[in-house]
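**Student:** Below are the chains, spelled out letter by letter.
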Amino acid sequence: MRTSSPKPNSAPRQRATGRRSPLATVALIAIGLVATGGAYALASTTATATNPAIVHQASADEGKKLFAANCANCHGLDAAGTDEGPSLHGVGAASADFQLGTGRMPLAMQGPQGEKKTPQFTAEQIADLVAYVASLAPGPALPEDRYLQADGSASKGAELYRINCAMCHNVAGAGGALTQGKFAPALAGVEARHIYEAMVTGPQNMPVFSDLNITPQQKADIITYLKFIENNPSVGGADLGSLGPVSEGLFIWIFGLGAIVAMTVWIAARPN
Amino acid sequence: MAKHDGETSAAAGSAIEKKLAREVSAGTAVISSNALENPGLPPHQPRVTDLDPKKEKAAQRRVIWLFTLSIIGSVFAIYAYIAFPIEPGNLTSTRVNNLLVGLGIATALLPIGIGAIYWAKNLMKNDELVEERHGTRGTEETRAAAAEVFRVGNEESGFGRRTLLRNTLIGAVVAAPLPGIVMLRDLAPSADPVEAFSRTMWKAGTRLARDGSGTAIKASDVTLGSVFHVVPYDLPEAEHKLEEKAKAAVLLMRLKPEDFVHNITPGREDWHYHGIVAYSKICTHVGCPVALYEQHTHHLLCPCHQSQFDITREAAVIFGPAKRPLPQLPITVDAEGYLIAQSDFHEPVGPSFWERS
Amino acid sequence: MTAAGTTTAATTATPTSTDAPPTAGSRFTGAVANYIDERTSISGLVKELGRKIFPDHWSFMLGEVAIYSFIAILLSGTFLTLFFDPSMVEVHYEGSYDPLKGIEMSAAYASALDITFDIRGGLLMRQVHHWAALLFVASIGLHMLRVFFTGAFRKPRELNWVIGFVLFVLAMAEGFTGYSLPDDLLSGNGLRIIDGMVKGIPVIGTWTSWLLFGGEFPGTVIVGRLYVLHIMLLPAILIAALGVHLLLMVINKHTQFAGPGRTNSNVVGVPVMPVFAAKAGGFFFIVFGTIVLIASTVTINPIWNYGPYDPSPVSAGTQPDWYIGFADGALRLVPPGWEFVLFDHTWTISVLAPMAVLGGFLVLVMFYPFIEAWITGDKREHHIADRPRNAPTRTAIGAAGVTFYAVLWAAASSDIIATHFKLTIEGVTYALQALLIFGTLAAYLITKRVCLALQAKDREIVLHGVESGRIVRMPGGEYIEVHEKLDEYDRWRLVDFEDYKPLMIRPNAKGKITVGQRVRAVFSRWFFEDRISPVTKGELESGEHH
Chain A
1 MRTSSPKPNS APRQRATGRR SPLATVALIA IGLVATGGAY ALASTTATAT NPAIVHQASA
61 DEGKKLFAAN CANCHGLDAA GTDEGPSLHG VGAASADFQL GTGRMPLAMQ GPQGEKKTPQ
121 FTAEQIADLV AYVASLAPGP ALPEDRYLQA DGSASKGAEL YRINCAMCHN VAGAGGALTQ
181 GKFAPALAGV EARHIYEAMV TGPQNMPVFS DLNITPQQKA DIITYLKFIE NNPSVGGADL
241 GSLGPVSEGL FIWIFGLGAI VAMTVWIAAR PN
Chain B
273 MAKHDGETSA AAGSAIEKKL AREVSAGTAV ISSNALENPG LPPHQPRVTD LDPKKEKAAQ
333 RRVIWLFTLS IIGSVFAIYA YIAFPIEPGN LTSTRVNNLL VGLGIATALL PIGIGAIYWA
393 KNLMKNDELV EERHGTRGTE ETRAAAAEVF RVGNEESGFG RRTLLRNTLI GAVVAAPLPG
453 IVMLRDLAPS ADPVEAFSRT MWKAGTRLAR DGSGTAIKAS DVTLGSVFHV VPYDLPEAEH
513 KLEEKAKAAV LLMRLKPEDF VHNITPGRED WHYHGIVAYS KICTHVGCPV ALYEQHTHHL
573 LCPCHQSQFD ITREAAVIFG PAKRPLPQLP ITVDAEGYLI AQSDFHEPVG PSFWERS
Chain C
630 MTAAGTTTAA TTATPTSTDA PPTAGSRFTG AVANYIDERT SISGLVKELG RKIFPDHWSF
690 MLGEVAIYSF IAILLSGTFL TLFFDPSMVE VHYEGSYDPL KGIEMSAAYA SALDITFDIR
750 GGLLMRQVHH WAALLFVASI GLHMLRVFFT GAFRKPRELN WVIGFVLFVL AMAEGFTGYS
810 LPDDLLSGNG LRIIDGMVKG IPVIGTWTSW LLFGGEFPGT VIVGRLYVLH IMLLPAILIA
870 ALGVHLLLMV INKHTQFAGP GRTNSNVVGV PVMPVFAAKA GGFFFIVFGT IVLIASTVTI
930 NPIWNYGPYD PSPVSAGTQP DWYIGFADGA LRLVPPGWEF VLFDHTWTIS VLAPMAVLGG
990 FLVLVMFYPF IEAWITGDKR EHHIADRPRN APTRTAIGAA GVTFYAVLWA AASSDIIATH
1050 FKLTIEGVTY ALQALLIFGT LAAYLITKRV CLALQAKDRE IVLHGVESGR IVRMPGGEYI
1110 EVHEKLDEYD RWRLVDFEDY KPLMIRPNAK GKITVGQRVR AVFSRWFFED RISPVTKGEL
1170 ESGEHH
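Protein chains in written order, with the working numbering: chain A, 1 to 272; chain B, 273 to 629; chain C, 630 to 1175.
Chain A extracted, bound-state conformation (with noise of 0.2 Å):
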């Protein structure tokens, strides 16, 4: 069954270089699902883009109607804001998209900020939706899907993430506390589109980090490094959350001192 094992006595540094073993299978498998689900991502992102001069134009009437039955409440019937919302000239149909299809918008209520929810609309009525918002005024246009194939450098993605990122999402992507209730929130299942759109627009209270400041190739390092970790689960095993030495310490009272409290209790016992 295994063929390839190392020599047992090489030096911790010489790495084997077999690739056969039983565990590359599992890779292999991971890899595909993977790449369908990246595919699956493309061929549903390639909907909304091809030929956009007459699709765009299209559903951008849609999406001027459903605009109007479902966030002028809201952000005005001409989209240019009022009390209860801002204005959504020049936001751009990232920031669109990223609202509807996180399902932010519409809001469930007036709180601190907006929740990730299923969202109110099929990807057409979005799709409608975005495009009725870019046509409003320009603004950060759709991410490209080439950088969204989660095959850049996760090193270097890692190390961006870390300075821009992890003070607010935490270095696993567990998210954090910001002011006032406000959170930034949990990454892992995050869509790579939603995560590249949320950098370009910033949503909410985050700030922007436009291409001027990290580059298209740079976001798509840092979406490798966040579909990294959350498809190669902690090796150590469960992960607590990655919420870090808080979880760790609760583990070791209730389950850990726990366990071993009721073995002394046991061990005292008189058997009958």
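To be clear, the hints were calculated from the coordinates, so they are not data collected in a lab.
Errors might be hidden in some of the hints.
Pairwise CB distance ranges, derived in the manner of DEER restraints [unchecked claim]:
| # | chain 1 | residue 1 | chain 2 | residue 2 | range |
| --- | --- | --- | --- | --- | --- |
| 1 | B | P538 | C | F1050 | 40 to 46 Å |
| 2 | B | R438 | C | V718 | 31 to 37 Å |
| 3 | A | A137 | C | V718 | 30 to 36 Å |
| 4 | C | D1116 | A | W266 | 25 to 31 Å |
| 5 | C | V986 | A | A137 | 52 to 58 Å |
| 6 | C | H974 | B | A417 | 55 to 61 Å |
| 7 | A | A268 | C | V986 | 33 to 39 Å |
Ideal placement from N, C-alpha and C gives every residue a C-beta, glycine not left out.
Position chains B and C against the provided structure of chain A, taking the given hints into account.
**Tutor:** The following block gives chains B and C in isolation, referenced to the frame of chain A:
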């Protein structure tokens, strides 16, 4: 009913020559002559394994099985170590190796413990035994003998008598460790820490560069609502890179000028460049990087102790344990449009220290 | 009240006299024993300690947990030293973990990554080491609580309490120095906070930081220096103190809970050989096995996520390990603006106040046995462990201390509390600031009342028995519930406790009332004003009559 106060018999213990039975103060404890009496050990109750030889045999078998399981666990751990090696670059192999070797060792250890305790509880004689305690204090004879040892030692050496000799000895012993303490001086370089803590490598004309890539930043790159994590452009050439970075790290943000110009202290009007402001990233509390910027509230939050700074009010503290605002780095642009520092910070960055004023 | 019901003279080992010829095995062990004894006199030690009696109670095993996890720490730590390189020389990582490939980092961090990803069992040993460390300090804490709440620190064990306290502090120091060694982003920011705190100390702070880091933070020497402390100096002191701790425990013998046949002048329990040895030895394997089980299935300190230390980045949720949490929490709870400039020097109260409060708290913990001894004036030896309810004021003080500590501890995770319970950081901070004061007070008051109520209930049970649940109709038509009398064994557990009354101020030999005496009287009244005495023979008899 307290018969004694602590004070009245406090001297009782000190008279070691006293041969009489010692009376130890019970302090303010109430000694009742009418207290209930200890009924003594209850009768011993046998266990099922004491009464039923079959149950005893079954218990013994269980322990044997546990110890056998432990041996299997040890063998398995060695097997897993060899059969599930770590393949470079394959994280799953690391995970599997950790899991299986760990489970093998746990299987080797836990059954030994459970088996031994099960044996002790069910098969070993379990009568409660009684052992008498004796006072911790030595007997009067022992204590007198010990005192005698000291007395004789003192007399034979003259330690108490030859006072000058004794005092010079004490002086010598006290002085001897001092060189050792002085020698710790070179734990740190001879330079003056206050000077080092008070300056950073920013100086007039130093370009602002992106942390990470190290590329210089043009004023036009900094769009509204964005935040740049900034280091001096010449940081890579610095002799002590991390030490310099630990002081020079800066956050660069662009605000609408109308959001903050009315709050500017006189003399700092030209420290920003068309709404682009640069503040030290090092918290004035205990030095964590204050890096969480909210683009709409313009608040900065420190993730370590939650101090909050308001960028529209020159980074004044609005919450948390910090006292001083983050120092501002005066900036402008050079001929090519790159952002540069006008000078170093006008005050020491980071946590307070004694000599800072 | 002499030793009641002594059935066996435990200390005398019964000589085995068998007629059967010795087997080869027993001949061999006999020869070995003889060889060793002729060179060490060990037979005396075995005779003295071999049948020593240990009382059996689950809460008496918590200190053992600490020792056993310490052994796990020593074993796994030794493994780690074989691979760890405590150097801050810059290297480029070329190991197995993709997201860090080519990144500049210290040799310390690179070797910690190699241990994690490229050395078989290395990650397991790292996780055993770290989990065992958390368990070590946690079990010391629980052990201290047990000793405190049962009054097992009273004479003759006050000094051993102090030694145990020193062990606790050493364990925290070991933990912190170890936490800092991997030189990742988390530990680096931890060190940075320490540096910031040290700098805030008046007069010597600047220079202390300068000496500690060999110049400016972070420097290139701190990991090596902490490593020497972590693997040599601190463990050496810790092992020495642990030895004294155990020696004193053997000399003083263990305390026991009140019970029939148990008196202040005996120990009732199981002998070292064989039952206690089997249980304690078995328990070692259980503790170690549990640690390994946790280490093989649950991640601790995923250093690969944090990346190398760099003074500019930081992660949301940057926290110390749990046992330093109370100090971090104290820093977080300081209100804004606690700093001023006076005489041209900066007084960083925001750092000094937490240090002073925590220092004061720890000093109180360390000296508590002496304070209580001074108040009671009781100079007798105490070997019967108190039930917490029977010392209401002490138990209430303990509960207040636990609350105080727990609030500070919770404050260290204020941001995580806020995100997970959908609260604001500000709200959580204000709430914890209030709880630190009022929660501590409330814990004191409530615990004291609960203790007194429980004591009153015990009295009631001793005097009138336990409610049996049987309702009987009396001839007169009245219904009563039958109370069942306790047997004398159960009753004894409820009445065998110390009773103190408040100190009466009396003039001393010179006819004067000293200030010390007055202060002591105030404390004594605070401690013993509300008290419930054990049931006496007379009360029991008169209770039976009606």
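**Student:** Hint by hint, note whether the structure agrees.
**Tutor:** Now for the hints, and whether the structure bears them out:
1. B:P538 with C:F1050: 40 to 46 Å: 45 Å, holds
2. B:R438 with C:V718: 31 to 37 Å: Roughly 52 Å apart at Cβ, these two residues miss the hinted range, so it is violated.
3. A:A137 with C:V718: 30 to 36 Å: 54 Å, violated
4. C:D1116 with A:W266: 25 to 31 Å: 27 Å, holds
5. C:V986 with A:A137: 52 to 58 Å: 57 Å, holds
6. C:H974 with B:A417: 55 to 61 Å: 58 Å, holds
7. A:A268 with C:V986: 33 to 39 Å: This hint holds: roughly 38 Å between Cβ atoms.
Violated hints, in rising order: 2, 3; the structure is consistent with all others.
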